[in-house]
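I would like the entire structure built from these sequences, with the hints used as guidance.
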Amino acid sequence: MTLVRVRDVSRVFANGVQALDGASLDIEAGEFLSVLGPSGCGKSTLLRLIGGLAEPTAGTIEWPQGRPDLGFVFQEPTLMPWSTALANVALPLKLRGLSRSDREARAAEALAGVGLKGFEKSYPRELSGGMKMRVSIARALVTSPKLLLMDEPFAALDEITRRRLNTDLLELWQRTHFTAVFVTHSVFESVFLSQRIVVMSARPGRVRSELAIPAPYPRSESFGTSADYAALCRLTSAQLSEAMAA
Amino acid sequence: MSARIVAPVLMGLFMLALWEGLVRAMAIPPYILPGPILVTKTLVSDWGTLWPALLVTLTITLQALLAAVVVGVLLALLFSLSRWIELSLFPYAIILQVTPIVAIAPLIIAWVDDVNVSLLICAWLVAFFPILSNTVLGLRSVDRNLLDLFELYGASRWRTLLDLRLPAALPYFLGGLRISGGLALIGAVVAEFVAGSGGRESGLAYRILESGYQLKIPRMFAALVLISATGIAIYLLLSLLSHLLLRRWHESALKEE
Ligand SMILES: Nc1ncnc2c1ncn2[C@@H]1O[C@H](COP(=O)(O)OP(=O)(O)OP(=O)(O)O)[C@@H](O)[C@H]1O
Ligand SMILES: [Mg+2]
Chain C
1 MTLVRVRDVS
11 RVFANGVQAL
21 DGASLDIEAG
31 EFLSVLGPSG
41 CGKSTLLRLI
51 GGLAEPTAGT
61 IEWPQGRPDL
71 GFVFQEPTLM
81 PWSTALANVA
91 LPLKLRGLSR
101 SDREARAAEA
111 LAGVGLKGFE
121 KSYPRELSGG
131 MKMRVSIARA
141 LVTSPKLLLM
151 DEPFAALDEI
161 TRRRLNTDLL
171 ELWQRTHFTA
181 VFVTHSVFES
191 VFLSQRIVVM
201 SARPGRVRSE
211 LAIPAPYPRS
221 ESFGTSADYA
231 ALCRLTSAQL
241 SEAMAA
Chain L
1 MSARIVAPVL
11 MGLFMLALWE
21 GLVRAMAIPP
31 YILPGPILVT
41 KTLVSDWGTL
51 WPALLVTLTI
61 TLQALLAAVV
71 VGVLLALLFS
81 LSRWIELSLF
91 PYAIILQVTP
101 IVAIAPLIIA
111 WVDDVNVSLL
121 ICAWLVAFFP
131 ILSNTVLGLR
141 SVDRNLLDLF
151 ELYGASRWRT
161 LLDLRLPAAL
171 PYFLGGLRIS
181 GGLALIGAVV
191 AEFVAGSGGR
201 ESGLAYRILE
211 SGYQLKIPRM
221 FAALVLISAT
231 GIAIYLLLSL
241 LSHLLLRRWH
251 ESALKEE
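In order, the protein sequences belong to chains C and L. Residue numbers for the first sequence, in this note's numbering: 1 to 246. Residue numbers for the second sequence, in this note's numbering: 1 to 257.
Just so you know, not all the hints are guaranteed correct.
[As the list claims (entries may be wrong)] Cut-off 20 Å, straight-line C-alpha distance, at most; resulting in silico cross-link-like pairs (SDA-like, lysine to any residue):
1) K41/L - Q214/L
2) K94/C - L38/L
3) K94/C - T160/L
4) K94/C - S83/C
I should point out that these hints are in silico values taken from the structure, not numbers from a laboratory.
Written out as structure tokens, the structure reads:
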């Protein structure tokens, strides 16, 4: 079942920069999709268009089953520094008018879901970079969205933290069955995480190619060291080089 | 006690001792320069005159600061709501700010019958701009992604203001408030001087002027000490307020742990 149909979408900014030029893409319900492309190719722009935070200059974005609840994870944690972790996670529920006790109960649950039980009362500055990112993910998941849009959420983190968060993210995805769209410029990350990778060309961005990653889930650290994984990475890497040359 | 307190206190005591020593050694008459001991004595003996004067100045200062907060924040909110209002009003706020208060104080004092009201207007004029400009800056310095997040969850303008823009602007506002606190006092004192030269009685600055005419220089110094002490107290109180409000989350309130 198709959740989103992105058709020939273009986006030109006020200063004349064309970020996207006829990008097309289908997102299937329940899948884990990565969008891979070089820096500046319009990945963030595409994600913002899907999230409804901006309008395409041309083309359409269709929701065959209606526009679902969605969550958005930014490249930075994007937390309110004056609020505790719990209040940050509860924000979407607050904005939707849930009562305080309801939203705090659900926020506490979401925090526990990303492994941050016990940090409810901590302020963002008291948390490490990886923990802040977890809070950010918990906030995106607290409304139980059908679709989770993530814009290079782990790009600023160190390799070890990033790997942990990747495994945790996959585990969450398998547990909660949301549709995941994961923007990244890392070949390794995209192969490790996704069922399908969409490769974008350099600016103005369009979708160049698509490839499936047939490896089964759960994917553990051992998948990351397997020969299959290495081969898939090589393939994806080649596609990316091709997309950038074109 | 930390060196941060001990060092300036020692320095101050040393300077006072030096001052007293010089005044005595060179036998400077008190109507030229009174020594600190005499100033302290005068402070005590003239308390009956100085204290009511201090109250007058303090009242004007605090009222002006309050008015500066109310008008500054309201204007800042208005500016953040409408670009047009900002474009049309901000230049005039700047003109008010750059016009020297001594130059317009005589006009205001001449136009307004009640001395206290005219002093209040002068002090307010000097004090409101830092609050306005800082709050405007703060309301604008909101993380764009957080704004997007609020939009994503369908937050109303009002909710966004309350839960996002106002807290984000708070540190900026408090920075402006600290500057305005000192400026309100300066504005009040300057206006009192202007009013005092016209013979209108008011607070501490008027006492300074009066003491000057009467060659009661020790009392003049005592009044000066009170003004400085008031300025320091205002600054410390506002710093404390700022620290209390920000200490849990803002970088400026971070101490090494
Ligand atoms: N608000 C804007 N106004 C003008 N140009 C913009 C704006 N946002 C993005 N652009 C331009 O559009 C292009 C695509 O930007 P976008 O942020 O979508 O790239 P990206 O693929 O996400 O890059 P990165 O991997 O570095 O995050 C860039 O050249 C950028 O300069
Ligand atoms: Mg980006």
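Violated constraints from the hint list, given by number and in increasing order = 2
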